[in-house]
Amino acid sequence: MTASDAGSLSRREWLLSERPASRMQARLGRAYVAWRRFTANRLAVVGLLIILGLVVVAALAGMLAPYSPTVGDLKNARLLAPSAAHWFGTDDLGRDIYSRIVYGSRWTLYVVILVAIIAAPIGLLVGTVAGYAGGWTDAILMRITDIFLAFPKLVLALAFVAALGPGIENAVLAIAITSWPPYARIARAETLTVRNSDYIKAVQLMGASPFRIVLRHIMPLCISSLIIRVTLDMAGIILTAAGLGFLGLGAQPPLPEWGAMIASGRRFILDQWWVAGAPGAAILIVSLGFNLLGDGLRDALDPRSGDQ
Amino acid sequence: MTAALSIERLEVVFDRFRALKGVDLEVREGESYGLVGESGSGKSTLLKAITGLAPVAGGAITVNGKTLGKTRDKAFYRDVQMVFQDPYGSLHPRQTVDRLLQEPLAIHGIAHGEKRIERALDEVGLGNGFRFRYAHQLSGGQRQRVAIARALILEPSILLLDEPTSALDASVQAEVLNLLEEVRRRRKLTFLMVSHDLAIITHMCERLMVMQNGEAVETLTASQLIGHRVSEDYTRNLLRASEGFVRTA
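Here the protein sequences line up with chains A and B, keeping their order. For reference, each letter of the first sequence is one residue, going 0 to 307 in numbering that gives the first Met the number 0. For reference, each letter of the second sequence is one residue, going 0 to 248 in numbering that gives the first Met the number 0.
Since the hints were made in silico from the structure, they are not lab data. Positions of the beta carbon are idealized from the N, C-alpha and C atoms, including for glycine. Please note: incorrect hints may appear among the correct ones.
[Claimed, not checked] In the BS3-like style, the derived pairs of lysine-lysine whose C-alpha atoms are separated by at most 30 angstroms in a straight line are:
{"id": "1", "chain 1": "B", "residue 1": "Lys73", "chain 2": "B", "residue 2": "Lys114"}
{"id": "2", "chain 1": "A", "residue 1": "Lys152", "chain 2": "B", "residue 2": "Lys20"}
{"id": "3", "chain 1": "A", "residue 1": "Lys200", "chain 2": "B", "residue 2": "Lys187"}
{"id": "4", "chain 1": "B", "residue 1": "Lys187", "chain 2": "B", "residue 2": "Lys73"}
{"id": "5", "chain 1": "A", "residue 1": "Lys200", "chain 2": "B", "residue 2": "Lys73"}
{"id": "6", "chain 1": "B", "residue 1": "Lys114", "chain 2": "B", "residue 2": "Lys20"}
{"id": "7", "chain 1": "B", "residue 1": "Lys65", "chain 2": "B", "residue 2": "Lys187"}
{"id": "8", "chain 1": "B", "residue 1": "Lys65", "chain 2": "A", "residue 2": "Lys200"}
{"id": "9", "chain 1": "B", "residue 1": "Lys69", "chain 2": "B", "residue 2": "Lys187"}
{"id": "10", "chain 1": "B", "residue 1": "Lys69", "chain 2": "B", "residue 2": "Lys114"}
{"id": "11", "chain 1": "B", "residue 1": "Lys20", "chain 2": "B", "residue 2": "Lys47"}
{"id": "12", "chain 1": "B", "residue 1": "Lys73", "chain 2": "B", "residue 2": "Lys47"}
{"id": "13", "chain 1": "A", "residue 1": "Lys200", "chain 2": "B", "residue 2": "Lys69"}
{"id": "14", "chain 1": "A", "residue 1": "Lys200", "chain 2": "B", "residue 2": "Lys114"}
{"id": "15", "chain 1": "A", "residue 1": "Lys200", "chain 2": "B", "residue 2": "Lys20"}
{"id": "16", "chain 1": "B", "residue 1": "Lys20", "chain 2": "B", "residue 2": "Lys73"}
{"id": "17", "chain 1": "B", "residue 1": "Lys47", "chain 2": "B", "residue 2": "Lys69"}
[What the hints assert, rightly or not] Reference excerpt, derived from the structure (chain A facing chain B, CB under 8 angstroms, subset only):
{"id": "18", "residue": "Ser9"}
{"id": "19", "residue": "Glu12"}
{"id": "20", "residue": "Ser21"}
{"id": "21", "residue": "Arg22"}
Build out the structure end to end from the sequences listed, making use of the hints.
Shown next, in the form of structure tokens:
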């Protein structure tokens, strides 16, 4: 975007040009169209803002939290109600719940990002290879996927954590291991719809290797539906992580993980509701944010909607 | 003249179905050869068998003196390229024209890609203004030009054309056919062209083969077809059917 461009035609026109003059302009124009479609959905923008808010809070936790998340004042500050000094009150060990939630956002992001970058590529690879190769490869990979799908997700995650030992890293691993099969299914279904198309045949006729075709021509077509699905699953991942934390198999004390915080607050849920309520609300808002974002991405990225 | 492409007793079997039943064919170098027949007569299957996209069950295919085995190597794809029937389905929906044309160059490790892409686009009558467009920003005729540019960028000696204009409307059809004629003359290409439109075949091809039910009915020259000097009833029926079309047009 040089000054001369901005002078002759507006930035918007430059982005929407029917005759892009460079690779960069074509790519930016495409992104701009997707962005416009995304922002047309108000709720999706709300979702995006929630997730951006989560990222900002996690990044600036040290500055936003007035107290230590792990060290409390056992003598004077046990189970205080929300007040100006302690916005969300304090828990049974005298720790400030607001500070714990702020620091807890880091663990939520940590879980969500790690699960996404472990599970999504595994699912994508298994699905596209199975779909493109067909035959025995397909049968074997898909039966393995079926085996994983046959177990309820939380039960399988519980089994893995029980075997690996409690802790947030193992919880992440367990969730990742149990959440890739649906992604493999989606990627395979997408691959099956494009593998016999003329444009894939055309690349085969160029002499491209199967590896190249899967990586450069099929995967890009699967990625948008996968991004949508992963985003929509984020809420489920947060809940599973919180569930494992609640059962004492995820994050271990004194880690300020939201699920574990609810678990420790449930003893006082009737008298001191804020101890469990505040992290519960945090989980609710972030899950809602991911769901809204996922819906918006579906509108913006889904190849079946519109002429992308 | 030597044979650019010769096929002997070619058999193609899909599961139990014999799509090609021992077809013989010889295309000379620099010749434009037509394949005609109704739907399901096996003409497209013949092209697919040559490119390795259809399961060959028997017979031999020889390209420029080399007999092909079960698999095709990269050198084969530099000799033989194909243009598909439907320009709406043959271009990747998420790639720009630039990317589409770069792909064959990258696969074959050809240098000076920039210049070659520019040249290929010029050759098919698309300027650089089309280079960074996506397929959905192009018309049917423009898409087919891109598909032709993609086939030509590896500089093949044989071009297989699978009804290259049947998805386009009449005026665009003529443009694309003229373009094909022009590149053939300029590059001395050998064409093997499938069509169900006898007018196109007589216009484009010197010789042709009529096919029915996976078998060759007869081999004719274009002038024989124009003069209706045919020996088989099936060909006569085809001719009558195409004239019926002309009268209503």
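Take a quick look at whether Lys73 (chain B) and Lys47 (chain B) sit within 30 angstroms of each other, Cα to Cα.
16 angstroms, holds
Check whether the Cα positions of Lys114 (chain B) and Lys20 (chain B) lie no farther apart than 30 angstroms.
45 angstroms, violated
Assess, step by step, whether the Cα of Lys200 (chain A) is no farther than 30 angstroms from the Cα of Lys187 (chain B), and give holds or violated.
Answer holds: Lys200 (chain A) to Lys187 (chain B) is near 26 angstroms, not above 30 angstroms.
Sort out whether Lys114 (chain B) lies within 30 angstroms of Lys73 (chain B), counting only the CA atoms.
22 angstroms, holds
Does Arg22 (chain A) pass the interface hint, meaning its C-beta sits closer than 8 angstroms to a C-beta of chain B?
6 angstroms, holds
Do the alpha carbons of Lys69 (chain B) and Lys114 (chain B) lie within 30 angstroms of each other, as the hint requires?
Cα-Cα ~35 angstroms, so violated.
Hey, Lys200 (chain A) versus Lys20 (chain B), does the alpha-carbon distance stay inside 30 angstroms?
Holds, at about 24 angstroms.
Given the hinted pair Lys65 (chain B) and Lys200 (chain A), is their alpha-carbon gap at most 30 angstroms?
The hint holds at about 23 angstroms.
Closer than 8 angstroms between Cβ atoms is the bar; does Ser9 (chain A) clear it against chain B? Give me holds or violated.
Violated. Min distance 19 angstroms.
Within a Cα-Cα threshold of 30 angstroms, do Lys20 (chain B) and Lys47 (chain B) meet the stated pairing?
Satisfied, since the Cα-Cα distance of roughly 15 angstroms is no more than 30 angstroms.
Regarding the pair Lys20 (chain B) and Lys73 (chain B), is the alpha-carbon distance no greater than 30 angstroms?
28 angstroms, holds
Was the hint right that Glu12 (chain A) lines chain B, CB cutoff 8 angstroms?
15 angstroms, violated
Comparing the model with each numbered hint stated earlier shows that hints 2, 6, 10, 18, 19 do not hold.
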